[in-house]
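Start from chain W and add chain H according to the hints.
Protein chains in written order, with full-length UniProt numbering: chain W, 1 to 263; chain H, 1 to 221.
Hints listed in this document are in silico derivations from the structure and should not be mistaken for laboratory results. Some hints could be false.
Some but not every residue of chain W turned toward chain H, in silico, with C-beta under 10 Å [unchecked claim]:
1. Asp147
2. Cys149
3. His215
Restraint ranges, calculated between C-beta atoms of paired labels, are given here [claimed, not checked]:
4. H/Lys221 with W/Cys57: 36 to 44 Å
5. H/Ala154 with W/Asp31: 27 to 35 Å
6. H/Tyr73 with W/Thr107: 48 to 56 Å
7. H/Gly155 with W/Thr77: 37 to 45 Å
8. H/Ala154 with W/Asp245: 47 to 55 Å
9. W/Met235 with H/Lys221: 28 to 36 Å
10. H/Lys221 with W/Asn230: 22 to 30 Å
11. W/Ser234 with H/Asp139: 36 to 44 Å
12. H/Val149 with W/Asp111: 54 to 62 Å
13. W/Asp51 with H/Glu107: 43 to 51 Å
Yeah, the Cβ is synthetic: ideal placement off N, Cα and C, and Gly gets one too.
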Amino acid sequence: MILPIRTLIPLLLPMLLSIDPAFARDIGPEDYERSRWHPIHFKPNIDNAKDEQCLSCHQEILERKVLNQSPAGITSTEVLAWYQTLSTYEGEQETFHRRHLVTPLATELMDLKCNTCHQGNDLREEAVIPPDHSNQDLTLRKSVNPDICLMCHGANAYELMGLPTPWTESRKNFQNNCLLCHSYIRTERHQVNYLKADAIEAAGKANSDVCYGCHGGRQWYRIAYPYPRNPWKSMSKVTPGWARDRPTESEPRFRKEIQQAAN
Amino acid sequence: MTSKKDKARIKAAVKRRKRETYTPVVPDKQLGFVHNNVDCIGCRACEIACKDKNGLAAGPRFRRVQYIEGGTYPDVYAYKVNMSCNHCESPACLPTCPTGAIFKRQEDGIVDIDSTLCIGCRRCEAACPFGAPQFDPNDNIVKKCNMCVDEIEAGRKPYCVMACMMRVLDIGSIDEIWRGSLDTVAVGPTDKVSKQVKNMANIELTKPSIGFVAHSKGKVK
Numbered sequence: 001m002i003l004p005i006r007t008l009i010p011l012l013l014p015m016l017l018s019i020d021p022a023f024a025r026d027i028g029p030e031d032y033e034r035s036r037w038h039p040i041h042f043k044p045n046i047d048n049a050k051d052e053q054c055l056s057c058h059q060e061i062l063e064r065k066v067l068n069q070s071p072a073g074i075t076s077t078e079v080l081a082w083y084q085t086l087s088t089y090e091g092e093q094e095t096f097h098r099r100h101l102v103t104p105l106a107t108e109l110m111d112l113k114c115n116t117c118h119q120g121n122d123l124r125e126e127a128v129i130p131p132d133h134s135n136q137d138l139t140l141r142k143s144v145n146p147d148i149c150l151m152c153h154g155a156n157a158y159e160l161m162g163l164p165t166p167w168t169e170s171r172k173n174f175q176n177n178c179l180l181c182h183s184y185i186r187t188e189r190h191q192v193n194y195l196k197a198d199a200i201e202a203a204g205k206a207n208s209d210v211c212y213g214c215h216g217g218r219q220w221y222r223i224a225y226p227y228p229r230n231p232w233k234s235m236s237k238v239t240p241g242w243a244r245d246r247p248t249e250s251e252p253r254f255r256k257e258i259q260q261a262a263n
Numbered sequence: 001m002t003s004k005k006d007k008a009r010i011k012a013a014v015k016r017r018k019r020e021t022y023t024p025v026v027p028d029k030q031l032g033f034v035h036n037n038v039d040c041i042g043c044r045a046c047e048i049a050c051k052d053k054n055g056l057a058a059g060p061r062f063r064r065v066q067y068i069e070g071g072t073y074p075d076v077y078a079y080k081v082n083m084s085c086n087h088c089e090s091p092a093c094l095p096t097c098p099t100g101a102i103f104k105r106q107e108d109g110i111v112d113i114d115s116t117l118c119i120g121c122r123r124c125e126a127a128c129p130f131g132a133p134q135f136d137p138n139d140n141i142v143k144k145c146n147m148c149v150d151e152i153e154a155g156r157k158p159y160c161v162m163a164c165m166m167r168v169l170d171i172g173s174i175d176e177i178w179r180g181s182l183d184t185v186a187v188g189p190t191d192k193v194s195k196q197v198k199n200m201a202n203i204e205l206t207k208p209s210i211g212f213v214a215h216s217k218g219k220v221k
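Next up, chain W with everything else stripped away, as it sits in the complex (with noise of 0.2 Å):
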């Protein structure tokens, strides 16, 4: 029996793309409200959803471009934004997904994928049914959870690094280098499955402003993360205070063995 091409399209063009046949099958684009319904908008699916998949009906978050110009005529090109005061990017204002996912330092340093920081579906208009109080990740109204940008965007403590003042009031007496200090004062950083662990030391190594980049130059909230603690090879066996209760792992999602898992 030969079939019309037309039913064959759908049955391809998912092979060709890659993408799980019984998932792009399961979503019609026409049917908007059953896609936000569908399991892989959820746990447990979601935390195996790859890119693929995601971008498979939200393609637009890639390609999305800021106006060259605001309504009272300042164009992009004329101003600039937080992030391109830094020594670590150059290029053209780009939309935030598009930093994180596609830009030359996102592939360089990144391995973000869109399951990392959405940990379910478009959670804007209400908490779940029943507000599930055990789980720290939904927050009313945001689709991410601020803590997921924290965990790489967090504020310097940088009282508890013994600094002065803040690092962008102190950093000339240091040299404007992270690893005046921080080259013995550290251990193993960066293990985790979203960012290039071995990328990141050595865009370090060739300049070490380009730490601030992400752990203060692109600073929204002041607080810090606090991150798994894992204390550096002459420090005390003793847990000093400010250091009580963190955890010495990071969470399983994002360790480097679950990525091998997924992938």
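For chain H alone, kept in the frame of chain W given last:
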């Protein structure tokens, strides 16, 4: 706003803008909202009044009445958390803005956006832990609540507050709200005002200027 665009003035203003670091404005007085989560019936009159005032289409919502429902029979519950912009002490939206469109007012701490300077990069939208900046897909720019600053300057209260038929929403000095000393019917005589409710983002991120009368199931430790 003048109808004529003064490009030279805009350019000069852009040059003045500080790069890299931002020290939050410490306002003379910080205004904030107070909302009674328990007595709010979720009629969304505040949302509609806000849309009316700001001429918004169906998509963007400066004010958002959020329904929280749950429990298992017979122990069920429902309450509302009502938020617009929280006019934070350290607004995360403000330093993200590349054009300087967002600003915090010295006199009352209101965080306002001049949408005519917005180039629609949507960074503020991502940065706000409470979902306040709203993208308007018709104009391709971001807009947000400014606590009806024109009404405040005229000595009146914002549209959302005036529209609230249950009188559960009000504004006032945030210190008075948190202390419980604000003269308002939104807070009952035995009610305690809390700064945070469940499922709300960590308030230490930006220190939002908002107080709630929390539901027993919505209280945080």
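Against the structure, the hints:
Annotation: W/Asp147 was flagged as interfacial toward chain H, and the flag holds, the nearest CB pair being 7 Å apart, inside 10 Å. Checking W/Cys149 against chain H by beta carbon gives a least distance of about 8 Å; that is within 10 Å, so the hint holds. Nearest Cβ of chain H to the Cβ of W/His215: about 14 Å, over the 10 Å cut. The hint is violated. About 39 Å separates the C-beta atoms of H/Lys221 and W/Cys57, a value consistent with the hinted range of 36 to 44 Å.
The hinted window of 27 to 35 Å between H/Ala154 and W/Asp31 is violated, with their beta carbons roughly 48 Å apart. Taking the beta carbon of each, H/Tyr73 and W/Thr107 are about 52 Å apart, inside 48 to 56 Å as hinted. The hint said 37 to 45 Å for the Cβ distance between H/Gly155 and W/Thr77, and at roughly 43 Å that hint holds. The hinted range of 47 to 55 Å is satisfied by H/Ala154 and W/Asp245, whose Cβ atoms lie roughly 50 Å apart.
Distance hint check: the CB atoms of W/Met235 and H/Lys221 are about 32 Å apart, consistent with the given range 28 to 36 Å. Taking 22 to 30 Å as the suggested C-beta distance range, the pair H/Lys221 and W/Asn230 conforms, at roughly 29 Å. Restraint check, W/Ser234 to H/Asp139: a C-beta distance of roughly 57 Å breaks the suggested window 36 to 44 Å. A hinted range of 54 to 62 Å is violated for the C-beta pair H/Val149 and W/Asp111, which are about 44 Å apart.
In this structure the hint that W/Asp51 and H/Glu107 lie 43 to 51 Å apart at CB holds, the actual value being about 47 Å.
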